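Make a model of the complete structure from these sequences and hints.
FYI, in the working numbering the residues of the sequence shown are 4 to 125.
Note that these hints are calculated values from the structure, not bench results.
Everything numeric in this text was worked out from a predicted model, so none of it was measured.
Glycine residues also receive a C-beta, built at the ideal position from the N, C-alpha and C atoms.
One or more hints might be untrue.
What the hints assert, rightly or not - The calculated DSS-like cross-link candidates involving lysine-lysine, where the alpha carbons are at most 30 Å apart (straight line), are: (1) K98 / K81; (2) K19 / K66; (3) K66 / K98; (4) K98 / K73; (5) K79 / K66; (6) K66 / K120; (7) K79 / K98.
Claimed, not checked - Label-pair distances were calculated between CB atoms; the ranges are: (8) E20 / G101: 25 to 35 Å; (9) G119 / E84: 18 to 28 Å; (10) M87 / E51: 43 to 53 Å; (11) E64 / G105: 39 to 49 Å; (12) G107 / R38: 41 to 51 Å; (13) T35 / E64: 19 to 29 Å; (14) N104 / P22: 33 to 43 Å.
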Amino acid sequence: KDGEAPTAALTDAQAKEVPPTLHPLVRTHTVTGERALYGVAGTAFGIEGWDAAEGEALIAELKAHCVQDKYIYEHKYKVGEIAMWDTQMTLHSAKHIGAPNGPGTERLLWRISVRGKPAVFQ
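Encoded structure:
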């Protein structure tokens with residue numbers, strides 16, 4: 004339900020290549036100024052300056068709040084549809100659908116990332 008997929012722990016060599024990165028727990032939208040939780044899913048594993056267990060517990064509590072059924076929208080795609088969302092304010096994930104198993108079960112996905120502010124906000 005929470006969109007997380009189990010991942011293998013990094014090897015020592017991988018950990019050296021990919022050092023930990025700090026991200027804010029709350030992020031401000033660059034256009035609207037709205038604030039939203041940011042670091043509660045994916046690879047979040049602690050809160051800087053907090054006891055490890057307490058940080059993990061708060062992240063788990065915040066994530067549990069965010070993934071309540073009342074906040075989840077699951078889109079049922081139809082041929083020809085386009086789905087868009089604001090990644091600055093949306094906790095999103097893909098649902099495993101398996102490999103195509105016959106005619107009409109294939110899908111084509113394109114990811115488009117837009118940089119900068121829309122002209123209306125400049």
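Do the hints match the structure? See the list:
For the given pair, K98 sits about 15 Å from K81 by alpha-carbon distance, which is consistent with the 30 Å threshold. A threshold of 30 Å between alpha carbons decides the hint, and for K19 with K66 the separation of about 28 Å falls inside it, so the pair holds. For a cut-off of 30 Å, the pair hint linking K66 to K98 stands: about 18 Å separates their Cα positions. Straight-line distance between C-alpha atoms of K98 and K73 comes to about 18 Å, which keeps the hinted pair within the 30 Å bound.
Taking the CA atoms of K79 and K66, the gap is about 24 Å. The hint holds against a cut of 30 Å. Distance check on the hinted pair: K66 and K120 sit about 28 Å apart at the alpha-carbon level, within 30 Å; holds. Between K79 and K98, the direct Cα distance comes to roughly 11 Å. Compliance with the 30 Å bound is thereby established for this hinted pair. At about 32 Å, the beta-carbon gap between E20 and G101 stays in the expected band of 25 to 35 Å.
The beta-carbon spacing between G119 and E84, approximately 26 Å, falls within the hinted interval of 18 to 28 Å. Taken as a hint, the range 43 to 53 Å is violated for the pair M87 and E51, whose Cβ atoms sit roughly 33 Å apart. About 43 Å separates the C-beta atoms of E64 and G105, a value consistent with the hinted range of 39 to 49 Å. For G107 and R38, the Cβ-Cβ distance of about 43 Å falls inside the hinted range of 41 to 51 Å, so the restraint holds.
Judged by the Cβ atoms, the range 19 to 29 Å given for T35 and E64 holds: they are separated by roughly 26 Å. For the pair N104 and P22, the beta carbons lie near 41 Å from each other, so the given range of 33 to 43 Å is met.
The structure does not agree with numbered hint 10 stated previously, though it agrees with all others.
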